[in-house]
Amino acid sequence: MKKLLIGNEALARGFYEGGIGLVSSYPGTPSTEITECLAEYRDIASEWAPNEKVATEVAFGASLGGKRSVCAMKHVGLNVAADPVFTMSYTGVNAGMVLCVADDPAMHSSQNEQDSRHYAIAAKLPMLEPADSGEAYAFARASFALSERFDTLVMMRMCTRIAHSQSIVEIGEREEAPARPYTKDPKKYIMMPAYAKARHPVVEARTAALTEYAEDCPFNRVEKGTDRSLGIITSGTCYQYTKEVFGDRVPVLKLGMVNPLPPKMIRDFAASVDRLVVIEELDGVIETFCRTLGLAVEGKSLFSPIGEYSQAVIARAFGLPEKEYVPALSELPGRPPMMCAGCPHRGMYYVLAKNKVTVLGDIGCYTLGAQPPLNAVDSVLCMGASVSGLHGFNRVGGSETEKKTVAVIGDSTFMHSGVTGLIDIAYNGTNSTVIILDNSITGMTGHQQNPTTGLDIHGDPAGKIDLEALCHAIGIRRVRVVDPYDLAACDAALKEELAAEEPSVIISRRPCVLLKNVKKNPPLAADADKCRGCRSCMQLGCPAISFKGKKAVIDATLCVGCGVCRQKCAFDAIG
Amino acid sequence: MVKSVMIVGVGGQGSLLASKLLGRLLTEEKYDVKVSEVHGMSQRGGSVVTYVKFGEKVYSPIVDLGEADYIVSFEKLEAARYAPYLKKGGRIIVNTQQIDPMPVITGAAQYPSDVLERLAAEGIEVDAVDALALAEKAGSAKTVNIVLMGRLARCFSIPPEKWLAAIEATVAPKFVEWNRSAFRLGYEA
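Chains as they are written, first to last, in my numbering: chain A, 1 to 575; chain B, 1001 to 1189.
Hints may be right or wrong, so weigh each one.
[Unchecked claim] No more than 30 angstroms apart at the CA atoms, straight line, and that leaves these computed lysine-lysine pairs for BS3-like:
(1) Lys1142(B) with Lys519(A)
(2) Lys1137(B) with Lys520(A)
(3) Lys403(A) with Lys495(A)
Just so you know, the hints here were simulated from the structure itself, not pulled from any lab data. The structure presented is a predicted model; accordingly, all values stated were derived computationally and were not measured.
The task is simple: from the sequences and hints, build the whole structure.
As structure tokens, then:
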């Protein structure tokens, strides 16, 4: 049956047909749909884990227990999961296991542009990279067998354009993979020095065997072409751009397995063409490998290590004619993403901005509090860094900074890696104030459940972590809950907790307004007769409020009646 | 011969459903099809772009500068923003709705008053339609996307019945009637 699937959905289908027994992941754009689509198959175990390290270890446990498993994450999630990944290289697997990692060149939805291939090289693991949904499906289906044959974790590299592009896939039927019985094998699975020393040579031998395999595997192929004055080595989405520009004219070595690379195949290809060029987004990984083979090769001298490529980028690099187009009109205002009308984060951010508090921020929708007009965030680094960063900031700043600095972190991000930072605050003792923006969902990635929501990946009842009890148990005595729609309460809580001579947690609690079960209030309206045009309501940065002439106007189609602007209005003009 | 459609708009306007509909229709017409979208940060009221490409064999999933045969814009300013992606001789179908972006709301920038005129002055064929009014007439403001698909259907040789069948297969059953009328209003307006 032919279906139009995004790359992530095609991966999910391939894993399903390939006999997956368990998937555990933490959401992250552009990888989230791999797990969401797998969760639709109710005959396998699907879970959201608190973070990528946990997810990887859960999948490891499932593999050890005899079932084929997958974990999926975005590129920066792999940094979190790196610890088990590097040592899993030594233990290998029992049943097949695949780690999907989705890179985000051009940073559509990410904080950096790291290239995950370096991890495959550093951890000495095979890495596949599909170039469309059809390959995503086929590679996923084949990946468990590869994992079991070479006794290795297999990495599957995606990028935004493959993960979120739909192309046609011919799907098939599921093949059940019988459980592989677990047998105790301390020398394989206990990585203490004596055993790990014996495993490292196994890893090196496996890499040699995989390199041999790469020379003649179904993932790599040469497309002969007709004009041998140029030959291109490429993989993933760059293959598509290359074909778009050159069609079948230019010989192409298309790599579907990007680690380990096949030296003989590359040498033979290089020898068959006059000029060798590698086209790869981000870092010159394949190009560098070609140089170690002593080949004359071009790559990053023609192409940038920054951002995404496209057919036009490639045409330009080869001096080919570009398409004609109308130049952009001048002076078009940008349209940055923003917090939604009625977003529960807005009230707390307004209070933080008003009190001129230094805010160490974190990863999620609430990063948007950094945007004008709130401009309420000072730093955003990685998941959890707000809390631990605040401790360090206050450790060197003392009471001077403790009285005017906070961390803000979402409920899901707090579960992911904020809780360890809070333990550090309790343990090493700064009078830090942490604000948990609890909107009862993982918002930015599109509403996934997390350990604080009380629901599992299917929306069924699950264990629910009690944030207040958790903070108390860690040793934080001052834990209070405020409603971020109540500006006065937020202001009072902030002032009191900043002044307190001990660490405190403010839980700013109200569910995401986009959740289907959240009841919206009738829209508010601004009374033009009462409005004095002071623009106080405009300080909130609510997309539903604008100024027409000298008066505030509320867009009734966007307004959900949260009432925050009404509290701002000194003239009782909003009701 | 590969044809390209770019669907642009503001996060939350339903452009993903429009691309899903188009993808389904073109697949059933036996074309090779690629649809590319970006999720995540862009959904929060930001500028949203989807590419739909079809033909005998499609390689690149993305549409580059000067390549789109059609741009379907859900909003005026977005039509201007992505106009450089239009192929010479291509057509922009644009909903005349104005949605102020945050820099305009805060007063940091002005919403350009004459974008459609400026595009026409560049020699671009602009098909402007008040899709919001037609959507409301069809029964729901949320059918703006289908009104615009109706408008696009006039540029294709695929008969309207096939579009309507694809709509039935794409939207939730309880909204099918609204969407059918939205399509007809867009097609006939």
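Given pair status - lysine 495(A), lysine 403(A), alpha carbons within 30 angstroms: 9 angstroms, holds
Straight-line alpha-carbon gap lysine 1142(B) to lysine 519(A), limit 30 angstroms: With Cα atoms ~19 angstroms apart, lysine 1142(B) and lysine 519(A) stay inside 30 angstroms; holds.
Restraint check for lysine 1137(B) with lysine 520(A), where alpha carbons must lie at most 30 angstroms apart: With a Cα-Cα distance of about 25 angstroms, the restraint between lysine 1137(B) and lysine 520(A) holds, given a limit of 30 angstroms.
Every hint, counting from the list given before, is met by this structure.
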